[in-house]
Each structure stands twice: as structure tokens, then as C-alpha cells.
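Colleague: So the protein lines, in turn, are chains U and E. Per my numbering, the very first residue in the first sequence carries number 1; after that it's consecutive. Per my numbering, the very first residue in the second sequence carries number 1; after that it's consecutive.
Since the hints were derived computationally from the structure, they do not count as laboratory data. Since this is a predicted model, take the numbers as computed values, not measurements. Do not rely on the hints blindly, as some may be mistaken.
[Stated by the list, open to error] Quick list of in silico lysine-lysine cross-link-like pairs, DSS-like style, CA-CA up to 27 Å: (1) U/LYS18 with U/LYS226; (2) U/LYS49 with E/LYS61; (3) E/LYS174 with U/LYS49.
[What the hints assert, rightly or not] Interface residues of chain E toward chain U, partial, derived using beta-carbon atoms under 7 Å: (4) ARG12; (5) SER27; (6) LEU73; (7) SER235.
[Stated by the list, open to error] Quick list of simulated restraints, FRET-style, between CB atoms: (8) E/GLY289 with U/GLN77: 13 to 23 Å; (9) E/ARG205 with U/TYR10: 52 to 62 Å; (10) E/ASP19 with U/PRO99: 34 to 44 Å; (11) E/ASP19 with U/LYS215: 32 to 42 Å.
Where a beta carbon is used, it is the ideal one built from N, C-alpha and C, also for glycine.
Chain by chain, the residues:
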Amino acid sequence: MKEDPGYYDYWPYANRPKITWPGGARMAFWVAPNIEFYELDPPANAQRKAWPTASPYVPGYSIRDYGNRVGHMRQMQLLEKYGIRGSISLSAALCDHHPEIIERCRERDWEFFTHGIYNTRYTYGLSEAQERAMILDSMETIERATGTLPAGYLAPALSHSEVTIDLFAELGGLYTCDLFHDDQPTPLNVRSGKPFVSVPYSLEMNDTIAYVVNKVRPRDYGRMLKDCFDRLYAEGAESGTVMCIPTHNYQVSCPHRLRAFEEALEYITGHSDVWVTTGREIATHYLQHHHAQAQAHIAQTETIA
Amino acid sequence: MSASDPLAYPLRRYGMDHDRYEWSMLSDRPAIHWPGGKKLALWVNVGLQFFPLNPQGQPVKVPGNMTMPYPDLRHFSLRDYGNRVGIFRLLKAFDRYAVTPSFAMNTRLAQRYPALLQAILERGDEILCHSWSMDTAHAEGLDPAAETALVRRAVNGLRELTGRDIRGWISPGKLESAHTPEAIKAEGIEYFCDWVNDDLPYTFRTANGPLWAMPLSTELEDRFVLMDNLHPAHSWAEQVMDACDLLLAEAEQQGGRMLALNLHPWVIGQPHRIRYLEQALEYIMSRPGVWSASPAEILHCVQSPPAP
Numbered sequence: 001m002k003e004d005p006g007y008y009d010y011w012p013y014a015n016r017p018k019i020t021w022p023g024g025a026r027m028a029f030w031v032a033p034n035i036e037f038y039e040l041d042p043p044a045n046a047q048r049k050a051w052p053t054a055s056p057y058v059p060g061y062s063i064r065d066y067g068n069r070v071g072h073m074r075q076m077q078l079l080e081k082y083g084i085r086g087s088i089s090l091s092a093a094l095c096d097h098h099p100e101i102i103e104r105c106r107e108r109d110w111e112f113f114t115h116g117i118y119n120t121r122y123t124y125g126l127s128e129a130q131e132r133a134m135i136l137d138s139m140e141t142i143e144r145a146t147g148t149l150p151a152g153y154l155a156p157a158l159s160h161s162e163v164t165i166d167l168f169a170e171l172g173g174l175y176t177c178d179l180f181h182d183d184q185p186t187p188l189n190v191r192s193g194k195p196f197v198s199v200p201y202s203l204e205m206n207d208t209i210a211y212v213v214n215k216v217r218p219r220d221y222g223r224m225l226k227d228c229f230d231r232l233y234a235e236g237a238e239s240g241t242v243m244c245i246p247t248h249n250y251q252v253s254c255p256h257r258l259r260a261f262e263e264a265l266e267y268i269t270g271h272s273d274v275w276v277t278t279g280r281e282i283a284t285h286y287l288q289h290h291h292a293q294a295q296a297h298i299a300q301t302e303t304i305a
Numbered sequence: 001m002s003a004s005d006p007l008a009y010p011l012r013r014y015g016m017d018h019d020r021y022e023w024s025m026l027s028d029r030p031a032i033h034w035p036g037g038k039k040l041a042l043w044v045n046v047g048l049q050f051f052p053l054n055p056q057g058q059p060v061k062v063p064g065n066m067t068m069p070y071p072d073l074r075h076f077s078l079r080d081y082g083n084r085v086g087i088f089r090l091l092k093a094f095d096r097y098a099v100t101p102s103f104a105m106n107t108r109l110a111q112r113y114p115a116l117l118q119a120i121l122e123r124g125d126e127i128l129c130h131s132w133s134m135d136t137a138h139a140e141g142l143d144p145a146a147e148t149a150l151v152r153r154a155v156n157g158l159r160e161l162t163g164r165d166i167r168g169w170i171s172p173g174k175l176e177s178a179h180t181p182e183a184i185k186a187e188g189i190e191y192f193c194d195w196v197n198d199d200l201p202y203t204f205r206t207a208n209g210p211l212w213a214m215p216l217s218t219e220l221e222d223r224f225v226l227m228d229n230l231h232p233a234h235s236w237a238e239q240v241m242d243a244c245d246l247l248l249a250e251a252e253q254q255g256g257r258m259l260a261l262n263l264h265p266w267v268i269g270q271p272h273r274i275r276y277l278e279q280a281l282e283y284i285m286s287r288p289g290v291w292s293a294s295p296a297e298i299l300h301c302v303q304s305p306p307a308p
């Protein structure tokens, strides 16, 4: 085990080269609905239990199924209303289980990035070859179902190995959502040396973290989103920022929670200097226009230190 | 399942990874019509529960049980407060706002408190079986033969005590073993409320014939919001009213919806909280298009829809 994952160097927020977004926007804003499949009876993982009791754990399984049966259409219609194309963090097995959801997202030109095969299959305990095979399976499954190879990765249930991001970069990925160290995209050091970027995804704005871990009230969640936006929008006048809202259809799409989310979306998209975009577009723009300059600046910062 | 090949996915296929029900998105189903052209069915269910002072916690402990060293008088008596005092505040609120509730009773409670049972029976509202007590968890580790006997004791016991045909079931904590649906179907249960995966009833397979699943939201119930999420009562009322608004709006577009509100008298029946239940009920019942009904009435409408 290592003291530091080694994927990025310390790089202070102040005095970085300016990031510019298309159209002169201050902020790149994206919404990342996690569309997940949790298995009723997954194989045991020695390091993490999928459910608190032996299968069937009806309370946990059934509310997640609610997300797909009921919640998905609610969120999709809401995002459509505010001109937002979702960037889906996808359990690839959902292409097999629920192709209807995939089809509707395709019709709307949403992005799909990979979130592993199932959210009940963890990276823990996999050999490097197994992890590579799992990630490749997820990428190929999504490519078959959608026609496009996914560019981004969020490891299933945020379970990682030391080489997760290296492997994804080697398999052709462009960006990861697994790191929470910054409000701007940052270059990552991957062992292949390929240009690869971390796109801010946010644990704090994640509805499941807010509702399940931090037990936030729905109206307060809406307020948190607006507060987060206000600050990043203001700072974006100096250098472009990124705001992401990661969601789950079994949380944010419940009838008592959707209103607060809608109010935040209405507020955010009501501002003129917001680039409403997707994870892939942010990564691609950054790689084309800012990545090399950022790498040089980071190297310089390291030299001064 | 054993710790076999972590990359083997034997149930990666179209639909669900089990055979209990069909995969279907709510918005793709034919529109439901409630009687009188109503849009939103309000189903208010009250848990009438007995938490023994000496829980065995087998095979698992149901949430809400005793937590302190024996005898845990604080939690025992606070639960009892709901059955002695809180419930009567709830009944007044239901009558004031013309709400038709259902009551899910532990059979042991109906047996222990005949006066409470009588008060419920006199109202004529529907009664569901909520297993024997809050200490009879239905979960893996419970032997199928023992579970069959437990369900029989609970359902038949409640039928005898009430003189009614009990058709609905809620497992304590909505926990189930792999055998629970078979066990309750075998005892003549028609619908159960443990699976929270939908906003409308749907059919559920068992080896003993089909059941109806009547989803009873956990995320919106008083105990979950107030005791697990630790939100204040005024926020709970706001959440209930927001849910009502959203489901009514969705019903306008897509057909009838159901707002399932599960209550616990030991939680929402407290003097500092009851006004927020009243506020929520007053709001919901004042919306045009709301139909307060029992679960059996709602289910009947889904089974034999009235002409639109």
C-alpha cells in the first residue's frame, strides 16, 4: 500500500493558467445520473458486503429498482425541460437488463460512461487481469448498446484498486470521475503516459451522499446546489470552473425530492455564462486546449517547490 | 451465492435478475383511472406494533426494537405511548380531514389490547396483518417450516380476533426471507407491502400462485424521515406535501397515481408532531382530484378498472 495514490501532483488553485470554456462561459455544468443495477444475490466479496442481511434484502434492493422502474423517466423529463443532456454513469449490465432505458437516453443524445458491470461487484480482490477484463467488458458492452466507446469511468460503487485509473487509460479512456481533489479538470499521471484528465464530479453534491450519508433535507439539498453554483460561477469569472450534480433515480426522483432539484436546475440554467455540457465534452475540450499547458505549469510548480 | 468467479454473471439477461415480477417502467403502462375521475389515491397506513421488552432479535433485529440493556423501559414504554395515546390523535386527524386509513396490526398487539382492537374494529377500516410482533423478523435464517407456522399463527390469529378476512400483509421492517411470499400466499394473503419499487400495485409470482405487491413508501414514512434521517417534523410535512404535488402533476399527464403514507403513532402521534400530520392531511385532502381509499379499494380498482 502507498501513502499517496500518485495520480496527481499538488497544484494550488491560485495562479493557474486560465481555463476558457466554449462561448466564453464561466462554468462547465453537467449532470451525471447514475443508472445502476444492484443484484439481488451477488457473490460475496471478502472486503465489502453488498447488503446488510443475507439475500433477499428487500428494503435495499427494492428502492434501487424503484429508480429504474419509476425514477428514471422523471429525471429524464426534468433534464430535458432544462436543456440538459445527462452524462450517464452506467452499470453496463443494465444494457442487458433494461435496454428501454438505454434507448431513451440514446434518442436524446446523452453520454454514457462506464460504472462497471454491476454496482454490487466491487473492484476489491480482483487481480489486475480481472479488473482489466471487467472494465473492458463494461466498455465493449456499452459500445455495442450505444454505438460509442465510453470515454469516462467511475469505478463501481467507488471501489478501486491501485491501478484502476491506469487500466482505464490503457483501454482507451479519456477521463475519470473517481477523484475529488479539485473544482477544475486536472491532468493525471497514468503509467502509460497517455493524456488523461480528471473531470470534477463531486461527492458533496451527490444526492446519495447528501440524502443517505449526510441526511440532508430535500429543500436544503436544493439550496446547497444553488450555493455551490453561486460560488463556482463567481470564481469562473477568473478561470473556468466545473460543477457536476451526480444523481441517482432512487434518491432525487422520489416524489418528495424532485422539486428541490428542479428549483436548482432552473436557477443554474437561468444564468447566461454557463456551458451546459457533458463529461466527455469537458474532457475533450480540456485535453485539446488546456492539458499540455497545465502539465507544463504543474512541472514548473514542482520545480519551484 | 458463494464466492465463486467474480466475473461470472449467470443472471445478466433481459429483465430482472430474479423471477418474482416482470420488468416494466411505470410510465409505459396503460393509464390507471380511479373512481369519479380522481387523479391521486391517498393510502394512509398506520402500523400498530408490539415491541416486546425481551426481544430475541432472530434471525435479525427489526429496526425500532429495544436497544438498551434489559429492561429497556424507555423504548418499550415509548412504543406503548403510540398505542395508548398517539393513535387517538391520529384517529381524530383522520376523521377531521375525511381520510380513510388502514391499520397494519401485529397479532400479538391485537391479542394484548382488546380495547384498542375494538376501537379500530368499530371504525370499520381495513386491517392488515403485520406478523406476530416486531420481534418476529422474516429473514434468511428463519427455517421455512417455522416461517410457515409463524405466518399461520399471525394471520389466523388476527382473523379470529377481528372476525374479518385479512387480505393484506406487511412484514416487520419490510424484511423478508426468500420464502415469505410463498408463506403468506399459502395463508390466503392477497397483497403485501414490503417491496418499495413502484408507485402503483403490480403482480408478484410465488410458488403458491400470484400475489399483488402494494408499494408502501419507506422513504416518506414518519419513522424513516424523523428517526433515521433526523429531519424535523415541519420538514416531514413539507416533504409529504411536495410528494403530493408531484404525483398529482404526474397523474395529470400519465394517469392515476398513489401516494402511500405509512405512519407510526409512537412517532407522529407525539404532541409536538401531530400538527404536522394535520397540516399535511389538510393540504392533501384540499387538493382537487385526491381520493382517500383503503389498500383493498385501490387494489380492486387496479384489478377491475372503472370505465374512464
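Colleague: Confirm or reject each hint.
Modeller: Hints, one by one, checked against the model:
Among the hinted pairs, U/LYS18 with U/LYS226 is consistent with the structure: their alpha-carbon atoms are about 24 Å apart, no more than 27 Å. Between the alpha carbons of U/LYS49 and E/LYS61 the distance comes to roughly 18 Å, so the proposed pair stays at or under 27 Å and holds. The straight-line distance between the Cα atoms of E/LYS174 and U/LYS49 is roughly 20 Å, inside the 27 Å bound, and the hint therefore holds. The interface hint given for E/ARG12 is met, as the beta carbon of that residue sits about 5 Å from the closest beta carbon of chain U, less than 7 Å.
Checking E/SER27 against chain U: minimum C-beta separation of about 4 Å stays under 7 Å; hint holds. Proximity of E/LEU73 to chain U is violated relative to the hint, the smallest CB-CB distance being about 28 Å (cut-off 7 Å). The interface hint given for E/SER235 is met, as the beta carbon of that residue sits about 5 Å from the closest beta carbon of chain U, less than 7 Å. At roughly 20 Å, the beta-carbon separation of E/GLY289 and U/GLN77 lies within the given 13 to 23 Å, and the hint holds.
The hint said 52 to 62 Å for the Cβ distance between E/ARG205 and U/TYR10, and at roughly 57 Å that hint holds. For the pair E/ASP19 and U/PRO99, the beta carbons lie near 19 Å from each other, so the given range of 34 to 44 Å is not met. Restraint check, E/ASP19 to U/LYS215: a C-beta distance of roughly 35 Å satisfies the suggested window 32 to 42 Å.
This entry does not satisfy hints 6, 10, going by the numbered hints stated previously.
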